[in-house]
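**Student:** For reference, the chains in residue letters:
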Amino acid sequence: MTSPWVHRFALPVAILLLGILALASLGIGDMRLGPARIFAGLLQRDELAATVLWNIRLPRMLVAMLVGSALAASGLVMQAYFRNSLASPGLLGVTSGGAAGAVVMIGLGWASASIFILPVAAVIGALLATGMVVLLARRGASTERLLLAGVALNALLGAVTSYVLSNFTLTYERNARILFWLLGGLEDRTWEHVAMASPIVLASALLWPLGRPMDLLSLGAREAQSLGVDVKRLRRSMIGLSTVLTALATAVAGTVGFVGLIVPHLLRLIVGPEHRRLVPLTLIGGAAFVLACDLIGRSTGGLRVGIVTSLIGGPFFLWLLRRQA
Amino acid sequence: MTALTVTNASVPGRLDNVSLSLAPGMLAGLVGPNGSGKSTLLQVAAGLLPSTGRVVWSGRDVEEIVVAERGLLASWVPQEARFEFGFSVRSVVAQGRFASGDDEHGVDETLRLFDLTALAHRPVNRLSGGERERVLLARAVVTGAPLQLWDEPLAPLDPKHGLEVLKHAHRLTNAGGTLLFSLHDLRVAYCLDFVVVLHEGRLRAAGPPEAVLTPELLFEVFGVRAKQTAGLTLELP
Chain D
6 MTSPWVHRFA LPVAILLLGI LALASLGIGD MRLGPARIFA GLLQRDELAA TVLWNIRLPR
66 MLVAMLVGSA LAASGLVMQA YFRNSLASPG LLGVTSGGAA GAVVMIGLGW ASASIFILPV
126 AAVIGALLAT GMVVLLARRG ASTERLLLAG VALNALLGAV TSYVLSNFTL TYERNARILF
186 WLLGGLEDRT WEHVAMASPI VLASALLWPL GRPMDLLSLG AREAQSLGVD VKRLRRSMIG
246 LSTVLTALAT AVAGTVGFVG LIVPHLLRLI VGPEHRRLVP LTLIGGAAFV LACDLIGRST
306 GGLRVGIVTS LIGGPFFLWL LRRQA
Chain Y
4 MTALTVTNAS VPGRLDNVSL SLAPGMLAGL VGPNGSGKST LLQVAAGLLP STGRVVWSGR
64 DVEEIVVAER GLLASWVPQE ARFEFGFSVR SVVAQGRFAS GDDEHGVDET LRLFDLTALA
124 HRPVNRLSGG ERERVLLARA VVTGAPLQLW DEPLAPLDPK HGLEVLKHAH RLTNAGGTLL
184 FSLHDLRVAY CLDFVVVLHE GRLRAAGPPE AVLTPELLFE VFGVRAKQTA GLTLELP
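Chains as they are written, first to last, in our numbering: chain D, 6 to 330; chain Y, 4 to 240.
None of these hints come from the bench; they were simulated from the model. The beta-carbon is built from N, C-alpha and C at its ideal position, and this holds for glycine as well. Some hints could be false.
[Said to hold, decoys possible] Restricting the straight-line Cα-Cα distance to at most 25 Å, the calculated cross-link-like pairs of lysine to any residue (SDA-like) are:
{"no.": "1", "chain 1": "D", "residue 1": "LYS237", "chain 2": "Y", "residue 2": "GLY104"}
{"no.": "2", "chain 1": "Y", "residue 1": "LYS163", "chain 2": "Y", "residue 2": "LEU116"}
{"no.": "3", "chain 1": "D", "residue 1": "LYS237", "chain 2": "Y", "residue 2": "LEU76"}
{"no.": "4", "chain 1": "D", "residue 1": "LYS237", "chain 2": "Y", "residue 2": "ASP64"}
{"no.": "5", "chain 1": "D", "residue 1": "LYS237", "chain 2": "Y", "residue 2": "PRO15"}
{"no.": "6", "chain 1": "D", "residue 1": "LYS237", "chain 2": "Y", "residue 2": "GLU72"}
{"no.": "7", "chain 1": "D", "residue 1": "LYS237", "chain 2": "Y", "residue 2": "SER94"}
{"no.": "8", "chain 1": "D", "residue 1": "LYS237", "chain 2": "Y", "residue 2": "PRO53"}
{"no.": "9", "chain 1": "D", "residue 1": "LYS237", "chain 2": "Y", "residue 2": "GLU66"}
{"no.": "10", "chain 1": "Y", "residue 1": "LYS163", "chain 2": "Y", "residue 2": "LEU175"}
{"no.": "11", "chain 1": "D", "residue 1": "LYS237", "chain 2": "Y", "residue 2": "ARG63"}
{"no.": "12", "chain 1": "D", "residue 1": "LYS237", "chain 2": "Y", "residue 2": "ALA71"}
{"no.": "13", "chain 1": "D", "residue 1": "LYS237", "chain 2": "Y", "residue 2": "LEU116"}
{"no.": "14", "chain 1": "D", "residue 1": "LYS237", "chain 2": "Y", "residue 2": "THR43"}
{"no.": "15", "chain 1": "D", "residue 1": "LYS237", "chain 2": "Y", "residue 2": "GLY56"}
{"no.": "16", "chain 1": "D", "residue 1": "LYS237", "chain 2": "Y", "residue 2": "VAL14"}
{"no.": "17", "chain 1": "D", "residue 1": "LYS237", "chain 2": "Y", "residue 2": "ALA84"}
{"no.": "18", "chain 1": "D", "residue 1": "LYS237", "chain 2": "Y", "residue 2": "GLY133"}
{"no.": "19", "chain 1": "D", "residue 1": "LYS237", "chain 2": "Y", "residue 2": "SER42"}
{"no.": "20", "chain 1": "D", "residue 1": "LYS237", "chain 2": "Y", "residue 2": "LEU52"}
{"no.": "21", "chain 1": "D", "residue 1": "LYS237", "chain 2": "Y", "residue 2": "VAL69"}
{"no.": "22", "chain 1": "D", "residue 1": "LYS237", "chain 2": "Y", "residue 2": "VAL59"}
{"no.": "23", "chain 1": "D", "residue 1": "LYS237", "chain 2": "Y", "residue 2": "VAL70"}
{"no.": "24", "chain 1": "D", "residue 1": "LYS237", "chain 2": "Y", "residue 2": "LEU51"}
{"no.": "25", "chain 1": "D", "residue 1": "LYS237", "chain 2": "Y", "residue 2": "LEU175"}
{"no.": "26", "chain 1": "D", "residue 1": "LYS237", "chain 2": "Y", "residue 2": "LYS163"}
{"no.": "27", "chain 1": "D", "residue 1": "LYS237", "chain 2": "D", "residue 2": "ALA200"}
{"no.": "28", "chain 1": "D", "residue 1": "LYS237", "chain 2": "Y", "residue 2": "GLU67"}
{"no.": "29", "chain 1": "D", "residue 1": "LYS237", "chain 2": "Y", "residue 2": "ARG129"}
{"no.": "30", "chain 1": "D", "residue 1": "LYS237", "chain 2": "Y", "residue 2": "ARG17"}
{"no.": "31", "chain 1": "D", "residue 1": "LYS237", "chain 2": "Y", "residue 2": "PHE86"}
{"no.": "32", "chain 1": "D", "residue 1": "LYS237", "chain 2": "Y", "residue 2": "ARG85"}
[Claimed, not checked] Here are the in silico distance ranges between beta carbons for each label pair:
{"no.": "33", "chain 1": "D", "residue 1": "LEU326", "chain 2": "Y", "residue 2": "GLU67", "range": "26 to 34 Å"}
{"no.": "34", "chain 1": "Y", "residue 1": "GLY132", "chain 2": "D", "residue 2": "GLY163", "range": "24 to 32 Å"}
{"no.": "35", "chain 1": "Y", "residue 1": "GLY147", "chain 2": "D", "residue 2": "ALA210", "range": "32 to 40 Å"}
{"no.": "36", "chain 1": "Y", "residue 1": "GLY179", "chain 2": "D", "residue 2": "TRP10", "range": "55 to 63 Å"}
{"no.": "37", "chain 1": "D", "residue 1": "ALA160", "chain 2": "Y", "residue 2": "GLU67", "range": "43 to 51 Å"}
All chains, full assembly: derive it from the sequences and hints.
**Tutor:** Structural data, given as structure tokens:
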């Protein structure tokens, strides 16, 4: 049982940590900037710093934070929905669905027509994937069933992506974009991507009031219904929000794995399972985690963020499986 | 007015045209062999499982009551619960106040009533079966709902906690509440106000136990022979 001390300080500590990481994310790079120059640059008082910050680092930092919040929150909601702490958008194939949607659009050459094409295609792909998981693995399904459904779906959607890669006559540029999606990264993110990902803020805000009913649902749907939770409506909101969150994150950064698994899990270990606490902490923690992974990647010779999260997430997942057994 | 009326409820393959009604303040037992439809009937009565029939709580059709209000009127306890997450005992019991705006009214008193005070901060996924059952019962009772529907509450409990739960059940119904619960111990059923007997999804009999639980019926429904003997009697000190 976590102490009231932890409850009181978890949120301020998380915000402080995020602030430090944000500052580091703005400061570290080919041109190192100290806090003073960062502020001068943000206020346009230092022209060189301003160019680096406003054109490169600020959009990248914001995209990293939005993607992290979205994926972590999406994982939290899926875990409550499926009543299984191993559920997450990546393992269940929802991320692959979003990526497949985006890749098909790029393959067809339609992605450049409007900035809305990719996010919309990702949302459709992710919704289809979610629909299939819901059909394959019923709520409260065993870990085995859930993970097997995810394996099947990931394989199927991977085949769609491979088909696009191999059978469409693609230009080098399109192939590069598709590879970018599959690996997941934050390179060359612009304000356009920040705008694309901005609905994440709205979706996160809509998640806020669901914390308490999610507590009840995570202990059983019939029980929750009997206690006065409108389970049908709650489930619709949960699945809709978590899918949209994953899809938007995937649309701007590609498939970044394991964030939705690691962040809620660690936070649950620290502050306990109550969603009213977990929702805000997960949004902040997810942002901090992806920022940290991006920093690790940048300071180790440009490892992509998706590779870093997977290098951390893979062993973490195996540890969780062992712990469950 | 009746507290609970179920009319012509059928659920394909599980429940066949069951009708019953309970008066307010009644402590009623639901008995029947395994697979006779007890759990299904309780879920239908709780408005959780759709059936072809009609369910009415204190004169109001359940279909016409919004979900949020249902939580104030009836409470259902499942036969068993799987807790994936480590919520504390106290926070799970406090979930019973969800429909009342999470006001935590009566939570600590109910924890005491169900002998859970010492376990209040223990994660529910680290409890024994009997402890878990008491958490579920406390959560149902703390709602203050006048209609209580419990699925085999006594099965996982030790003798003392079983007797205490029966004592709370009597207290609830003496205060005007209505309780229908399923059970297998026919000797306990014999001490209740009212007994409902299900057999193969159909209502076999309903009424005061001495009129319903006859040796002929027990033999026909359960395949056992009833004999009056001076056995062991247990009671709370």
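**Student:** For this structure, which hints from the list above don't hold up?
**Tutor:** Numbers 13, 18, 25, 26, 27, 29, 33, 34 and 36, in rising order.
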